[in-house]
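Protein chains in written order, with our numbering: chain A, 1 to 250; chain B, 251 to 475; chain C, 476 to 694.
The hints are simulated quantities; they were obtained by calculation from the structure and are not laboratory data. Glycine included, every Cβ here is placed at the ideal spot set by N, Cα and C. Careful: at least some of the hints might be erroneous.
Straight-line alpha carbon distances no greater than 30 Å define the calculated DSSO-like cross-link-like pairs of lysine-lysine that follow [stated by the list, open to error]:
#1 B:Lys333 - C:Lys657
#2 C:Lys589 - A:Lys84
#3 A:Lys24 - A:Lys77
Sample of chain A residues facing chain C (criterion: CB under 7 Å; computed from the structure) [to be verified]:
#4 Thr75
#5 Arg82
#6 Gln83
Here's the letter readout for the chains.
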Amino acid sequence: MSEETILLEVRHLRKDYGNGAVLKDVSLKLEKGEVLVLIGPSGCGKSTFLRCINGLEPIQSGEILLDGLSITDGTAKWSEVRQKIGMVFQSYELFPHMTVLDNILLGPMKVQKRNRKEAEADACQLLERVGLLDKKDVYPRQLSGGQKQRVAIVRALIMKPEIMLFDEVTAALDPEMVREVLDVMMELAAGGSTMMIVTHEMQFARAAADRVIFLDGGEIVETGTPDAFFDKPKTDRAQRFLNTFTFEKK
Amino acid sequence: MQDLGIRVLFMGNNFIRLLGGLWITLKISLLAVALSVVLGTLLGVVMTIKHPVIKAITKFYLEFIRIMPQLVLLFLVYFGLTKSFGINLSGQVSAVIVFTLWGTAEMGDLVRGALISIPAHQYESGAALGLTKGQIFLYIVIPQTLRRLIPLAINLTTRMIKTTSLIVMIGVVEVLKVAQQIIEANRYTVPDAALWIYGTIFFLYFLACWPISLLASWLEKRWKN
Amino acid sequence: MDIGFITKYVPLYIEAAKLTLRLGVIGILLSLAVGLVCSLALYYRVPVLRRLVSAYIELSRNTPLLVQLFFLYFGLPKVGIRISSEACAIIGLAFLGGSYMAETFRSGLEAIEKSQMESALSVGLTHAQVMRYVIFPQALAISVPGLCANMIFLIKETSVFSVVALPDLMYVAKDLIGLYYKTDEALLMLVIAYLILLLPISILAAVLERRLRYAGFGN
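The shape of chain A in the complex, shown without the other chains (with noise of 0.2 Å):
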């Protein structure tokens, strides 16, 4: 890892709920073209560790660099970070009274103010690579979980982001939808995009990832790459957990 590719670098995150830490040391780094799948037991902070990095929790001590800046000592404005940092949720959160497009659209134009013709024609490129073209112009009520979440991911590429953020956002789907969602992402990855990934999908973790995370408790339990990963895990509670994904035949 050269110093010129890390993209976004953690230093000793710690993020405190109530009166319990939910995150309680955690370091990383993300280089460029890395696609990082972050797995663990419900709880343990892998969707906080998310938020955190996008802004949307607050953390108690530690650091955040983006590009070697840091995003957390309150220099920067969150508005202009999460242009470089674009977010899919497990709730798609599109804006149910704004027709495809438009939602697509708020963010370049009202945020980096990009002329509308150009805007929409990256816009319809991206939503013909997700195979959605044709419902441009239909409200999200209209539309399928799963293609919901597909205009959510095109929403936040074409803000042009440096990282993309997956926040389990296969998990409220349908499975006959989730398939649908996963060949985007696995498609992004191929592409070369930075990607961060929270999912239970444990066959897709171990396709996409370039290396995989360990999250139990609030801090990170083992790192490794999917093959190590998942074949031959190192401690004991990555094993448990895998173990509860597979069943022994009666």
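Position chains B and C against the provided structure of chain A, taking the given hints into account.
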């Protein structure tokens, strides 16, 4: 300087008279609410009958009561009935009639809604447990209807207490009328009585209504399950 | 039914209706403004302001408009504040209506989930932009039925304006009954006048509510 004005409240039995006036208002509201609960339940049951004429009449009744300002209804009963039927209704009786009609309409609508909606999803689980129609009605429908009726009845009480203030416009001697009498009687001795008396009445109404609204929201929260 | 009487005095009712409408509309607009400001104070939990607003809402919702008007029109002059009849009516209506509008706006705002704010912020919008493009439009749409109901309520409340010496519909009706004993005719015109004032808005409110429910706000 300001003590001069407020002392009118403590002169003679002024304050008692004011309270007496307010009591008339409260009496009418409480009576009307009580009658409305009973008649409203009956009306609600009637409204579930699928006869077209009954539906038309009840719907007309509901819509008319809802859209007309209460003062207009008071005029219709106080002036209209007196003229048309030759009976001389007092302002108080007219008020009770009007407010009962109003309350009955609201309660009736609520009861009807409850009767229609509840059995739909509760009947199935009740029947699945082996209850008869009568038992379902007694143990499932009535308690749930009551849970909706009571907060509404309380909310209606507050609104009625406020609206009964209108009866001064049909000549009933209630708190505002008493106030006017006191102010007039003390025109020279306490020139700024009006400020203090009307201010006091403002707070008296607040003291009458606010605890009831608090009770209603407390009950609502308690029964949120 | 004395038709001649009716035709003779219809103009009087029309004038009174116009007065009611004029003062009612101004009162409603003011209460919308007051309500909006108060709802923001509550939504953002502004330290001192939110307590004042809460107190205001409780006070105005638990007291009748009639009493408020008596106080404004007969009470205030005793401390030297003399307000015209029309101003009293408008102030009273705005004072009462403001709290109802505030509650409606506030529940509209709070109906929008926090996650909408978060996903909008994640796209890079500033807080102000999120409110303007994402939150307010949705909150407003949700509030419309409540706002309409409030407006209908306020128009009905204007029926007490005669107490501050304004020649409104109730005043005209009472006057005619007292002078000519044409009770039926006077009351009929009164009912029709209020139907004309209120039916259109009621129907509009019902249509709007149905439209919005169809649009299915809130995924």
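Checked hints:
{"no.": "1", "hint": "B:Lys333 - C:Lys657", "in the structure": "9 Å, holds"}
{"no.": "2", "hint": "C:Lys589 - A:Lys84", "in the structure": "22 Å, holds"}
{"no.": "3", "hint": "A:Lys24 - A:Lys77", "in the structure": "25 Å, holds"}
{"no.": "4", "hint": "Thr75", "in the structure": "17 Å, violated"}
{"no.": "5", "hint": "Arg82", "in the structure": "4 Å, holds"}
{"no.": "6", "hint": "Gln83", "in the structure": "4 Å, holds"}
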